[in-house]
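S.K.: For reference, the chains in residue letters:
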Amino acid sequence: MTHVRRKVLFYLVAAWAAVTLNFIIPRMMPGDPVDILLARMQQSGGPVPPQARSAIATALGQGGDANILVQYLTYLGNLFTGDFGVSVTYFPTPVATVLGQSLPWTVVLVGVSTIVSFVLGVGLGTFAGWKRGTWLDGVAPLTTFIAAIPYFWLALVLLFVFGSVLQLLPLSGGYGYSTDPGFSLEFLSSAFRHAVLPGVTIVLSSVGGWLLGMRNMMVSTLSADYVLTAEAKGLRPRRVMLAYAARNAVLPSVTGFAVSLGFVVSGSIVTEAVFSYPGVGYVLLQAVKNNDYPLMQAIFLVITLTVLAANFVVDMLHSVIDPRTREAG
Amino acid sequence: MTVDNHTAEETARAPGARPPARRKRPVAGWRLPRSAKLRTGLGIVLAIGLVGAVGPLLTGDPHAVSGAVLRPPSGAHWLGTTETGQDMLAQLTLATRGSVLVGLVVGAIATLVSILVGVVGGYVGGKTDETFSLVTNVVLVVPSLPLAIVIANYLDGGGLLVTILVIAMTTWAAPTRVLRAQARSVRERDYVTAAKASGERSWRIVCVEILPNLLPVVAAQFVFAVIFAVLTEAGLAFLGLAGFGSLTWGTLLYYAQNAQALILGAWWWFIPPGLLMAVFGCGLSLINFAIDEIIDPNLRSATRQRKASR
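So the sequences go chain by chain: Y and C.
Taking my numbering, the leading residue of the first sequence gets 137, the next gets one more, and so forth.
Taking my numbering, the leading residue of the second sequence gets 7, the next gets one more, and so forth.
I should point out that these hints are in silico values taken from the structure, not numbers from a laboratory.
Fair warning: this is a prediction, and the values are worked out from it, not measured in the lab.
One thing to keep in mind: the hints can contain errors.
As the list claims (entries may be wrong) - Derived list of chain Y stretches under chain C, where covered just means 3 residues or more per stretch with a C-beta under 8 Å from a C-beta of chain C: (1) 253-259; (2) 416-425; (3) 432-446.
Each residue gets a CB set at the ideal place from its N, CA and C atoms; glycine is no exception.
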């Protein structure tokens, strides 16, 4: 039980550190974000009313001239009530609403792509490890090359070929302008067409990692005594491969899969930027471009907390599945 | 990763077999292991490094503007021109220098910090180790790209050095964890105990007894950090968040994207930087695999030794 308590404590500390980091960064940086924001507003929209200054300061959670400790406590309190302030980019929409609208796009797109690439990679990796030294195993070095390709560049190339040259698929966005979001066939098919290229990009750039990890674990597992025993007993190769080798070799990949689910929200920031896909990554980029600090901080926080939560679940599962890890806390 | 700590020389002599006797400093007579992966990887990386080091001296002014706008590759401009008529070849060689430099510097910083925090923490143990590993684990679970984006945005226009520091801040944690685990296992070996018993000072044990035995692991972590840094810088630069005034593969892609190179069909503008990045990353990965195979001979694919006893 002490192991579980240690883990819980660690994740509480990590969450506190991330939340505090989020509070400190804007206050530590050179230049006052409020001044920067005011300057930008003046550049783009002419004169700014005098009360704008305190309004912006409040929106940024700076609360005017209040003591830094008071600011910190207010900030923490606002987090618990889900009050992230008002977005500057999508003024006057609250940050929480902007997040609520962009999260589903990312979760569906990246979630489905992650599952597809995991199943594909683990399947191929099992075969590559089983047929070690044959032509099938030669797939592994090829995946090295694919894995080394920066994923947003792959996105650019796919976009160029299928969107620009062949004009088979849409260039940007999450759905066609002529369709209204809702559960209509027209909207869903449009959303699907827009998701194909970003989805393929994510699958292509991550499948190699799964493949290689699974292949290497298969190779290690195949030299274990119980695999030898199973072969000596005269079991069918298929059964030895799946029930004896793959079943044990897949465990680290499952852990990796759970961790990567935590990165679903953050994993495709640059890809979404390339495709102007209306998910969290794209919104984060808009926030960055517009110096929308409340939105930026909220997205960073959501991303961090998802990753922490996923890691926590994995850690807990791990100590249930494999008791040996409990001592190594 | 297995804890077995074979050195290059030992595994080359007898793959998979335990070394007969442990010498005090096994890495002393270092030579290149006969690994095709390692040689190919080193060849690729050195070639690209050479392009970055020497290329800009040969290709003329990358910022010079000319009337030849958006031309495809030809005799006059081997890799074509940008929308302001700048020579792509000259831009690409300078960008190669920038990206490789970012990778190497970040890799060096991350490796040094990870040795300091990981090896020292792992060796000393106790409260120091607990504090070190708590900080490491926290940095490890905080997602790096969003953090880098947020920090980079606040430090708007900070130049290459700021970019390097931002990326280094998020890169050191992973190698630190690996090195700490290795240091803890080496700490228990006989020769370290012997050195302690003979009254050697801690820093000497760390530098002379432990570090040389961790070299393959340190090298692997360095290579990993370089890949990660190059890709992260490219991502940040592509989003328009890396220090301006310096060309890298990422800023080239950023300019290409902003100038609608995709829609204009100017493939010679955005294909080469990404391709170079992929080839460079591939070369580094090959080196990494070769090191992994040196550490754990089980992973070798050339020989079919799976029934051989370990």
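S.K.: All the hints need checking, so say for each whether the structure fits it.
M.R.: Tested hints:
Counting residues of the segment 253-259 of chain Y whose beta-carbon sits less than 8 Å from any beta-carbon of chain C gives 0, not enough to reach three: the coverage restraint is violated. Chain C is given as covering the segment 416-425 of chain Y, and this holds because 4 residues of the stretch bring a CB closer than 8 Å to a CB of that chain, at least three being needed. Under the rule that three or more residues need a Cβ within less than 8 Å of chain C, the assignment of the segment 432-446 of chain Y holds, with 8 such residues.
In terms of the numbered hints stated before, the structure departs from hint 1 and from no other.
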